[in-house]
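Asks: I would like the entire structure built from these sequences, with the hints used as guidance.
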Amino acid sequence: MKRSINIWLSLDKITILLYLLLVVMGWLNIYAAVYNEEHSRILDLSQRYGKQFIWIIAAIITGIFALIIDNRFYFFFSWFIYGSLMLLLVLVLLFGNEINGARSWFEFSWFSLQPSEFAKFGTAIALAGYLNSRRHDLTRWSVLLPASAIILFPALLTALQPDMGSTIVFLSLFLVLFREGMSPYVFVSGLLAVILFFLTLIINNFYLSAGITVIAVLVVWFATRKWKIALAGSGIFIVNAAILYVIDHYLLKKLDNELIILIALLISGVLFAWDIYSKKAMAVLVVYLFLIGSLIFVNSVDYAFNELLPNHQRDRINILLGIKSDPKGTGYNVNQSIISIGSGGFAGKGYLQGTQTKFKFVPKQSSDFIFCTIGEEMGVSRVTGSNSNIPVFVFTADNSG
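All the letters of the sequence shown, read from the start, carry residue numbers 12 to 412 under our numbering.
Keep in mind the hints are simulated off the structure, nothing from the lab. Just so it is clear, CB atoms sit at the ideal spot from N, CA and C, and this is done for glycine as well. Warning: the hint list may mix true and false statements.
Unchecked claim - As a list, the in silico DSBU-like pairs of lysine-lysine whose alpha-carbon atoms are at most 35 angstroms apart: (1) Lys62 x Lys24; (2) Lys335 x Lys371; (3) Lys62 x Lys131; (4) Lys24 x Lys375; (5) Lys131 x Lys369; (6) Lys335 x Lys360; (7) Lys265 x Lys335; (8) Lys335 x Lys62; (9) Lys62 x Lys375; (10) Lys360 x Lys375; (11) Lys375 x Lys264; (12) Lys335 x Lys264; (13) Lys360 x Lys371; (14) Lys375 x Lys335; (15) Lys131 x Lys335; (16) Lys371 x Lys62; (17) Lys62 x Lys369; (18) Lys369 x Lys335; (19) Lys371 x Lys131; (20) Lys375 x Lys131; (21) Lys360 x Lys24.
As the list claims (entries may be wrong) - The following label-pair restraints were derived from C-beta to C-beta distances: (22) Ala70 x Val187: 20 to 26 angstroms; (23) Phe233 x Leu263: 19 to 25 angstroms; (24) Leu320 x Gly94: 27 to 33 angstroms; (25) Trp38 x Lys265: 56 to 62 angstroms; (26) Trp238 x Glu318: 16 to 22 angstroms; (27) Ile79 x Gly37: 23 to 29 angstroms; (28) Gly37 x Ile179: 18 to 24 angstroms; (29) Ile249 x Ser153: 52 to 58 angstroms; (30) Leu29 x Leu105: 36 to 42 angstroms; (31) Ala70 x Glu49: 24 to 30 angstroms; (32) Ile179 x Asn215: 23 to 29 angstroms; (33) Ile254 x Ile179: 27 to 33 angstroms.
Replies: Have a look at this one:
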């Protein structure tokens, strides 16, 4: 069947132009990151930037073919592609090579393969095919749960490798579901989970649980504008918490204070359930469910963080949050990257003039820490547009500021 759509006219040319511009900027900065006067030709295929150029051309050719092929082809084969790539993600856990603490790669004699990179493409196609099949309504759980499973399955497999960077990429597909009609409550729940995860590592669990409970009471009062409901719920909770505390203090002596808060809230919910039902107080019910879910999550973070995450990832998070300092060990990369970007200042040192880059102070300069090269050599300058009083930060390649 011949297409009746003119591909050229239907292209989003501005998006493609921006993509190509970013690709060229990235390529030039890879060149700067590993620049060597003995290999100064930018098309030297023995160097990383030369190999990157081959991948750029291959990606452009692949993109052209992707545009030419009818989109029904992708929908027809979406599940086959998705299933094949999920199988590879399982196999890499069993037979893959471990590199830098992650079992993410298949190593062959002449090339390496990381299935998670292709799985991102396959997951996006499968999700698009599922959502396109019957114009699914994401406000229904019967639709949302399968769509979430499509995303969560590869996210779980990459987390087991562990490759948390790829896991985050998969989870970002929930933004697509939110855009297509997913309830904002689900999206907000995920966002709160991320925030609570980091807060739990920084703040004592008891104080955090108590703070969340107080915020929930204030939200109930604000949502209902009825102080009696908030006051009655608070009173029931305080009585239950006090009774549990006394029982634990004199008899059980096993419960942590944050666990007492959670149990007291569960009992209070049962006692307050009829009042919520009879008054159709849906706002109170939603806040209560959010509160219970948040406290369960808070009480489970310590176990997940200490038992499920590998040591090097725990160290990275602790260093990021300032809980731990190890400038010559685990924190070396981050510390040197901050020094590198700071040394460039606002004006930058000039293209190919970065000393931190040239003397290899920052490891993985051309991949994970490529922004160090940009920050040191190009700098960040604050300029004011002629038609606006809002300051804008842009990268500049000169020293004029």
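Asks: Check each numbered hint from earlier against the structure, then list the numbers of those it violates in ascending order.
Replies: Violated hints: 8, 11, 23, 26, 29 and 33; rest satisfied.
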